[in-house]
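So the sequence shown is numbered by my numbering: it starts at 1 and just counts up by one.
Treat the hints as calculated values from the structure; they're not laboratory data.
Do not rely on the hints blindly, as some may be mistaken.
The calculated EDC-like cross-link candidates involving lysine to aspartate or glutamate, where the alpha carbons are at most 20 Å apart (straight line), are [unchecked claim]:
(1) Lys87 - Glu105
(2) Lys230 - Asp240
(3) Lys148 - Glu180
(4) Lys144 - Glu180
(5) Lys144 - Glu194
(6) Lys148 - Glu207
(7) Lys144 - Glu179
(8) Lys271 - Glu155
(9) Lys148 - Glu179
(10) Lys271 - Glu226
(11) Lys87 - Asp239
(12) Lys87 - Asp97
(13) Lys132 - Asp239
(14) Lys144 - Asp93
Keep in mind that this is a model prediction, so the values were computed, not measured.
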Amino acid sequence: MAGILFENSIHGLRYVADSKRPFIERGVWCCLLVCAAIWILYQVFELWLVFSIGPTQIVVDNPRYPLAKIDFPAVTICPINKVMYSKVLAHMDTIFDRNDRTNRENFIHSMVAMSLMRYPYYDNPANYLQNKTAYILNNSELDKLMQKVGPTLEEVFAGCFWRGTPHPCTDLIRPQRTEEGYCYSFNSKTAERESNASSINPPYMSESGTLHALRNNAAGKITGFEVLLKSLDHEYLADDKRVRGYNVIIHSPEDFPDVSSNFVVHTDAQKVTRITVLAAVTLGDSSLLRLSEEVRGCYFIHEYDVATDTPSWVASMRDSTRSVLERYQR
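Sequences are here, hints too, so could you generate the full structure?
Right, dumping it as C-alpha coordinates:
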(Lines of atoms letter the chains of each structure in order from A and count residues from 1; the text may use other names and numbers.)
(Lines give C-alpha, C1' and ligand atoms only; values in the text may rest on other atoms or scores of the structure.)
Protein backbone atom coordinates (compact mmCIF):
# COMPACT_ATOMS: atom_id res chain seq x y z
CA MET A 1 0.00 0.00 0.00
CA ALA A 2 2.83 2.38 0.87
CA GLY A 3 4.47 1.57 -2.44
CA ILE A 4 1.31 2.47 -4.38
CA LEU A 5 1.02 5.80 -2.55
CA PHE A 6 4.70 6.51 -3.09
CA GLU A 7 4.56 5.84 -6.84
CA ASN A 8 1.29 7.69 -7.66
CA SER A 9 1.24 11.05 -9.47
CA ILE A 10 -0.93 12.94 -6.95
CA HIS A 11 1.20 15.67 -5.44
CA GLY A 12 1.42 15.26 -1.68
CA LEU A 13 0.56 11.59 -1.29
CA ARG A 14 4.15 10.50 -1.97
CA TYR A 15 5.35 12.77 0.83
CA VAL A 16 2.88 11.19 3.23
CA ALA A 17 4.05 7.70 2.24
CA ASP A 18 7.77 8.54 2.39
CA SER A 19 8.95 7.08 5.70
CA LYS A 20 12.27 8.88 5.41
CA ARG A 21 10.64 12.30 5.82
CA PRO A 22 10.14 13.84 9.28
CA PHE A 23 6.91 12.98 11.06
CA ILE A 24 5.84 16.62 11.31
CA GLU A 25 6.27 17.18 7.56
CA ARG A 26 4.26 14.07 6.78
CA GLY A 27 1.56 15.25 9.19
CA VAL A 28 1.37 18.67 7.52
CA TRP A 29 0.98 17.08 4.09
CA CYS A 30 -1.69 14.76 5.44
CA CYS A 31 -3.67 17.72 6.84
CA LEU A 32 -3.39 19.59 3.53
CA LEU A 33 -4.68 16.57 1.62
CA VAL A 34 -7.63 16.18 3.98
CA CYS A 35 -8.53 19.89 3.66
CA ALA A 36 -8.29 19.67 -0.14
CA ALA A 37 -10.58 16.63 -0.17
CA ILE A 38 -13.15 18.41 2.03
CA TRP A 39 -13.06 21.52 -0.20
CA ILE A 40 -13.59 19.40 -3.34
CA LEU A 41 -16.54 17.58 -1.76
CA TYR A 42 -18.05 20.93 -0.73
CA GLN A 43 -17.77 22.30 -4.27
CA VAL A 44 -19.37 19.16 -5.71
CA PHE A 45 -22.22 19.50 -3.20
CA GLU A 46 -22.78 23.17 -4.12
CA LEU A 47 -22.90 22.33 -7.84
CA TRP A 48 -25.38 19.53 -7.22
CA LEU A 49 -27.51 21.85 -5.08
CA VAL A 50 -27.65 24.48 -7.84
CA PHE A 51 -28.57 21.85 -10.43
CA SER A 52 -31.28 20.28 -8.25
CA ILE A 53 -32.91 23.65 -7.53
CA GLY A 54 -32.87 24.88 -11.13
CA PRO A 55 -32.24 22.03 -13.59
CA THR A 56 -31.67 24.39 -16.51
CA GLN A 57 -29.11 24.16 -19.27
CA ILE A 58 -28.18 27.41 -21.01
CA VAL A 59 -27.11 27.04 -24.62
CA VAL A 60 -26.15 30.01 -26.80
CA ASP A 61 -28.00 29.22 -30.01
CA ASN A 62 -26.85 32.31 -31.89
CA PRO A 63 -24.84 35.19 -30.40
CA ARG A 64 -26.35 37.47 -33.09
CA TYR A 65 -29.99 36.75 -32.28
CA PRO A 66 -32.35 38.31 -34.89
CA LEU A 67 -34.22 41.35 -33.56
CA ALA A 68 -37.27 40.31 -35.57
CA LYS A 69 -37.76 37.40 -33.16
CA ILE A 70 -37.94 39.67 -30.10
CA ASP A 71 -41.02 41.67 -29.13
CA PHE A 72 -40.43 45.41 -29.13
CA PRO A 73 -40.65 46.60 -25.50
CA ALA A 74 -43.79 48.23 -24.18
CA VAL A 75 -43.55 51.94 -23.39
CA THR A 76 -45.83 53.40 -20.71
CA ILE A 77 -45.97 57.19 -20.32
CA CYS A 78 -47.52 58.67 -17.18
CA PRO A 79 -48.14 62.41 -16.82
CA ILE A 80 -46.87 63.51 -13.42
CA ASN A 81 -49.87 65.83 -13.30
CA LYS A 82 -53.00 63.67 -13.44
CA VAL A 83 -55.44 66.38 -12.32
CA MET A 84 -55.83 69.29 -14.74
CA TYR A 85 -56.72 72.61 -13.15
CA SER A 86 -59.03 73.79 -15.94
CA LYS A 87 -61.03 70.56 -15.82
CA VAL A 88 -61.34 70.73 -12.04
CA LEU A 89 -62.80 74.25 -12.29
CA ALA A 90 -65.20 73.16 -15.02
CA HIS A 91 -66.35 70.15 -13.00
CA MET A 92 -66.90 72.26 -9.87
CA ASP A 93 -69.19 74.55 -11.86
CA THR A 94 -71.44 71.55 -12.55
CA ILE A 95 -71.77 70.42 -8.92
CA PHE A 96 -71.37 73.60 -6.84
CA ASP A 97 -72.78 77.08 -6.93
CA ARG A 98 -70.18 79.74 -7.72
CA ASN A 99 -70.83 81.34 -4.32
CA ASP A 100 -70.29 78.06 -2.43
CA ARG A 101 -66.69 78.88 -1.55
CA THR A 102 -66.40 76.32 1.26
CA ASN A 103 -67.24 73.24 -0.80
CA ARG A 104 -65.26 74.50 -3.77
CA GLU A 105 -62.18 75.02 -1.62
CA ASN A 106 -62.56 71.60 0.03
CA PHE A 107 -62.99 69.98 -3.38
CA ILE A 108 -59.71 71.54 -4.52
CA HIS A 109 -58.05 70.09 -1.41
CA SER A 110 -59.34 66.62 -2.32
CA MET A 111 -58.11 66.94 -5.89
CA VAL A 112 -54.65 68.02 -4.77
CA ALA A 113 -54.50 65.09 -2.33
CA MET A 114 -55.42 62.63 -5.07
CA SER A 115 -52.88 64.08 -7.46
CA LEU A 116 -50.14 63.60 -4.84
CA MET A 117 -50.76 59.84 -4.64
CA ARG A 118 -47.67 58.38 -6.33
CA TYR A 119 -44.82 55.95 -5.73
CA PRO A 120 -43.13 55.89 -3.26
CA TYR A 121 -44.65 58.85 -1.40
CA TYR A 122 -48.03 57.36 -0.51
CA ASP A 123 -48.17 59.42 2.68
CA ASN A 124 -48.22 62.70 0.72
CA PRO A 125 -52.06 62.97 0.63
CA ALA A 126 -52.33 62.47 4.39
CA ASN A 127 -49.55 64.96 5.07
CA TYR A 128 -51.16 67.53 2.78
CA LEU A 129 -54.58 67.20 4.44
CA GLN A 130 -53.33 67.49 8.03
CA ASN A 131 -54.45 71.11 8.38
CA LYS A 132 -57.06 71.16 5.61
CA THR A 133 -60.63 70.01 5.12
CA ALA A 134 -61.35 67.45 2.41
CA TYR A 135 -64.48 67.07 0.31
CA ILE A 136 -65.63 63.45 0.47
CA LEU A 137 -65.93 61.97 -3.00
CA ASN A 138 -68.35 59.26 -4.07
CA ASN A 139 -66.35 56.03 -4.03
CA SER A 140 -68.29 54.50 -6.93
CA GLU A 141 -67.64 57.55 -9.11
CA LEU A 142 -63.96 57.95 -8.28
CA ASP A 143 -62.66 56.24 -11.43
CA LYS A 144 -64.93 58.29 -13.68
CA LEU A 145 -63.89 61.49 -11.91
CA MET A 146 -60.17 60.79 -12.39
CA GLN A 147 -60.74 60.13 -16.07
CA LYS A 148 -62.80 63.30 -16.36
CA VAL A 149 -60.25 65.64 -14.75
CA GLY A 150 -57.15 63.85 -16.06
CA PRO A 151 -55.33 64.62 -19.33
CA THR A 152 -56.64 62.84 -22.40
CA LEU A 153 -54.49 61.16 -25.02
CA GLU A 154 -54.81 64.19 -27.31
CA GLU A 155 -53.76 66.53 -24.49
CA VAL A 156 -50.60 64.50 -23.76
CA PHE A 157 -49.27 63.58 -27.21
CA ALA A 158 -48.48 65.99 -30.01
CA GLY A 159 -47.20 63.33 -32.41
CA CYS A 160 -46.38 59.62 -32.62
CA PHE A 161 -43.95 57.79 -34.91
CA TRP A 162 -43.19 54.11 -35.47
CA ARG A 163 -40.03 53.27 -37.39
CA GLY A 164 -39.79 56.84 -38.63
CA THR A 165 -43.34 56.95 -40.03
CA PRO A 166 -45.92 59.27 -38.42
CA HIS A 167 -49.15 57.66 -37.23
CA PRO A 168 -52.21 58.96 -35.38
CA CYS A 169 -51.50 58.46 -31.69
CA THR A 170 -54.90 56.80 -31.27
CA ASP A 171 -53.64 54.03 -33.58
CA LEU A 172 -50.55 53.33 -31.47
CA ILE A 173 -51.43 54.06 -27.83
CA ARG A 174 -53.94 52.65 -25.38
CA PRO A 175 -54.95 53.73 -21.84
CA GLN A 176 -53.16 51.87 -19.06
CA ARG A 177 -54.04 51.63 -15.37
CA THR A 178 -51.00 51.71 -13.12
CA GLU A 179 -50.22 51.91 -9.43
CA GLU A 180 -50.09 55.71 -9.62
CA GLY A 181 -53.17 56.28 -11.78
CA TYR A 182 -54.07 56.45 -15.45
CA CYS A 183 -51.27 56.36 -18.00
CA TYR A 184 -50.86 55.57 -21.70
CA SER A 185 -49.04 52.55 -23.14
CA PHE A 186 -47.60 51.50 -26.48
CA ASN A 187 -47.31 47.81 -27.41
CA SER A 188 -48.53 46.62 -23.99
CA LYS A 189 -50.68 43.49 -23.71
CA THR A 190 -51.89 44.63 -20.27
CA ALA A 191 -53.33 47.95 -21.50
CA GLU A 192 -57.08 48.48 -21.73
CA ARG A 193 -58.77 47.42 -24.94
CA GLU A 194 -62.35 48.46 -24.23
CA SER A 195 -61.90 52.23 -24.53
CA ASN A 196 -60.02 52.05 -27.84
CA ALA A 197 -61.66 50.01 -30.58
CA SER A 198 -58.88 50.58 -33.13
CA SER A 199 -58.20 47.33 -34.98
CA ILE A 200 -54.63 48.34 -35.84
CA ASN A 201 -53.55 49.50 -32.39
CA PRO A 202 -50.78 47.20 -31.12
CA PRO A 203 -50.66 44.57 -29.79
CA TYR A 204 -52.72 42.95 -32.51
CA MET A 205 -55.33 40.33 -31.67
CA SER A 206 -55.43 37.25 -33.87
CA GLU A 207 -58.57 35.31 -34.71
CA SER A 208 -57.79 32.94 -31.85
CA GLY A 209 -57.72 35.86 -29.40
CA THR A 210 -53.95 35.81 -28.90
CA LEU A 211 -52.22 39.19 -28.60
CA HIS A 212 -49.14 39.77 -30.77
CA ALA A 213 -46.78 42.63 -29.92
CA LEU A 214 -44.99 44.70 -32.55
CA ARG A 215 -41.44 43.75 -33.49
CA ASN A 216 -38.58 45.54 -35.17
CA ASN A 217 -35.77 44.33 -37.42
CA ALA A 218 -33.23 47.07 -36.73
CA ALA A 219 -31.90 49.30 -33.95
CA GLY A 220 -31.31 53.02 -34.33
CA LYS A 221 -32.46 56.53 -33.52
CA ILE A 222 -35.49 56.54 -35.81
CA THR A 223 -36.28 52.84 -36.15
CA GLY A 224 -38.23 52.51 -32.91
CA PHE A 225 -41.09 54.32 -31.15
CA GLU A 226 -40.98 58.11 -30.97
CA VAL A 227 -43.43 60.57 -29.42
CA LEU A 228 -43.78 64.32 -29.05
CA LEU A 229 -45.14 65.27 -25.61
CA LYS A 230 -47.07 68.41 -24.76
CA SER A 231 -46.33 70.58 -21.74
CA LEU A 232 -48.92 70.48 -18.94
CA ASP A 233 -47.19 73.05 -16.73
CA HIS A 234 -50.12 75.46 -16.85
CA GLU A 235 -52.54 72.76 -15.66
CA TYR A 236 -50.94 72.01 -12.27
CA LEU A 237 -52.99 72.88 -9.19
CA ALA A 238 -51.68 75.78 -7.12
CA ASP A 239 -50.56 73.62 -4.17
CA ASP A 240 -48.89 70.99 -6.37
CA LYS A 241 -45.15 71.67 -6.10
CA ARG A 242 -43.92 68.53 -7.85
CA VAL A 243 -41.56 68.54 -10.81
CA ARG A 244 -43.10 69.16 -14.22
CA GLY A 245 -42.89 66.39 -16.76
CA TYR A 246 -43.64 62.71 -17.36
CA ASN A 247 -42.71 59.32 -15.95
CA VAL A 248 -41.65 56.82 -18.62
CA ILE A 249 -41.62 53.07 -17.93
CA ILE A 250 -40.02 50.53 -20.27
CA HIS A 251 -41.26 46.99 -19.66
CA SER A 252 -42.09 43.69 -21.32
CA PRO A 253 -45.33 43.67 -23.36
CA GLU A 254 -46.45 40.77 -21.15
CA ASP A 255 -46.10 42.62 -17.85
CA PHE A 256 -47.86 45.43 -16.06
CA PRO A 257 -45.69 48.57 -15.83
CA ASP A 258 -43.67 48.82 -12.63
CA VAL A 259 -43.80 52.44 -11.48
CA SER A 260 -40.77 51.89 -9.24
CA SER A 261 -38.58 51.60 -12.35
CA ASN A 262 -39.75 54.77 -14.08
CA PHE A 263 -37.58 57.35 -15.82
CA VAL A 264 -38.47 61.02 -15.29
CA VAL A 265 -38.57 63.20 -18.40
CA HIS A 266 -38.59 66.84 -17.28
CA THR A 267 -40.52 69.45 -19.21
CA ASP A 268 -38.02 71.47 -21.20
CA ALA A 269 -38.68 73.16 -24.52
CA GLN A 270 -36.94 71.57 -27.51
CA LYS A 271 -35.55 68.76 -25.33
CA VAL A 272 -34.95 65.32 -26.85
CA THR A 273 -34.70 62.27 -24.59
CA ARG A 274 -33.57 58.95 -26.01
CA ILE A 275 -34.02 55.68 -24.11
CA THR A 276 -32.18 52.56 -25.29
CA VAL A 277 -32.72 49.07 -23.88
CA LEU A 278 -30.85 45.79 -24.20
CA ALA A 279 -32.96 42.71 -24.93
CA ALA A 280 -32.39 39.20 -23.59
CA VAL A 281 -34.34 36.09 -24.57
CA THR A 282 -34.49 32.89 -22.53
CA LEU A 283 -36.05 29.81 -24.12
CA GLY A 284 -37.39 26.99 -21.97
CA ASP A 285 -37.41 23.44 -23.28
CA SER A 286 -40.75 21.63 -23.19
CA SER A 287 -39.20 19.02 -20.90
CA LEU A 288 -39.44 21.60 -18.09
CA LEU A 289 -43.21 21.02 -18.06
CA ARG A 290 -42.57 17.73 -16.27
CA LEU A 291 -41.34 19.73 -13.29
CA SER A 292 -43.55 21.66 -10.90
CA GLU A 293 -43.46 25.46 -10.83
CA GLU A 294 -41.78 25.36 -7.41
CA VAL A 295 -38.90 23.33 -8.83
CA ARG A 296 -38.37 25.06 -12.18
CA GLY A 297 -38.99 28.54 -10.78
CA CYS A 298 -40.86 29.81 -13.86
CA TYR A 299 -44.02 29.19 -15.88
CA PHE A 300 -44.85 28.98 -19.57
CA ILE A 301 -46.97 31.67 -21.17
CA HIS A 302 -49.72 29.25 -22.19
CA GLU A 303 -50.21 28.17 -18.56
CA TYR A 304 -51.76 31.50 -17.55
CA ASP A 305 -53.95 33.98 -19.38
CA VAL A 306 -52.69 37.56 -19.64
CA ALA A 307 -55.13 39.73 -17.69
CA THR A 308 -56.31 42.84 -19.53
CA ASP A 309 -59.11 43.98 -17.23
CA THR A 310 -58.84 46.21 -14.20
CA PRO A 311 -56.54 44.63 -11.58
CA SER A 312 -57.96 44.12 -8.13
CA TRP A 313 -55.47 46.49 -6.51
CA VAL A 314 -57.05 49.45 -8.33
CA ALA A 315 -60.16 48.98 -6.22
CA SER A 316 -58.12 48.65 -3.03
CA MET A 317 -56.23 51.86 -3.87
CA ARG A 318 -59.54 53.63 -4.44
CA ASP A 319 -60.76 52.51 -1.02
CA SER A 320 -57.53 53.63 0.68
CA THR A 321 -57.78 57.06 -0.98
CA ARG A 322 -61.35 57.41 0.22
CA SER A 323 -60.33 56.50 3.78
CA VAL A 324 -57.66 59.21 3.73
CA LEU A 325 -60.19 61.81 2.59
CA GLU A 326 -62.77 60.72 5.18
CA ARG A 327 -60.16 60.96 7.93
CA TYR A 328 -59.74 64.68 7.30
CA GLN A 329 -63.40 65.58 6.88
CA ARG A 330 -64.71 67.96 9.51
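Evaluated hints:
Using a Cα cut-off of 20 Å, the hinted pair Lys87 and Glu105 holds, with the two alpha carbons roughly 15 Å apart. Restraint check for Lys230 and Asp240: satisfied, since their Cα atoms lie roughly 19 Å apart, inside the 20 Å limit. The hinted pair formed by Lys148 and Glu180 meets the criterion: a straight-line CA distance of about 16 Å does not exceed 20 Å. As the CA atoms of Lys144 and Glu180 are separated by approximately 16 Å, the hinted pair is consistent with the 20 Å bound.
Only pairs whose Cα atoms come within 20 Å are accepted, and Lys144 paired with Glu194 is accepted, the gap being roughly 15 Å. At most 20 Å may separate the alpha-carbon atoms for a hinted pair to count; Lys148 and Glu207 exceed this at roughly 34 Å. Of the supplied pair hints, the one linking Lys144 and Glu179 holds, its CA atoms being roughly 17 Å apart against a limit of 20 Å. Of the pairs offered as hints, the one joining Lys271 and Glu155 holds, with about 18 Å between alpha carbons and a cut-off of 20 Å not exceeded.
Proposed proximity of Lys148 and Glu179 is supported: the alpha carbons are some 18 Å apart, at most 20 Å. The hinted pair formed by Lys271 and Glu226 meets the criterion: a straight-line CA distance of about 13 Å does not exceed 20 Å. This hinted pair checks out: Lys87 and Asp239 have alpha carbons roughly 16 Å apart, not beyond 20 Å. Restraint check: the Cα-Cα separation between Lys87 and Asp97 comes to about 16 Å, which is no more than 20 Å; the hinted pair holds.
With a CA separation close to 12 Å, the supplied pair Lys132 and Asp239 stays within the 20 Å bound. Straight-line distance between C-alpha atoms of Lys144 and Asp93 comes to about 17 Å, which keeps the hinted pair within the 20 Å bound.
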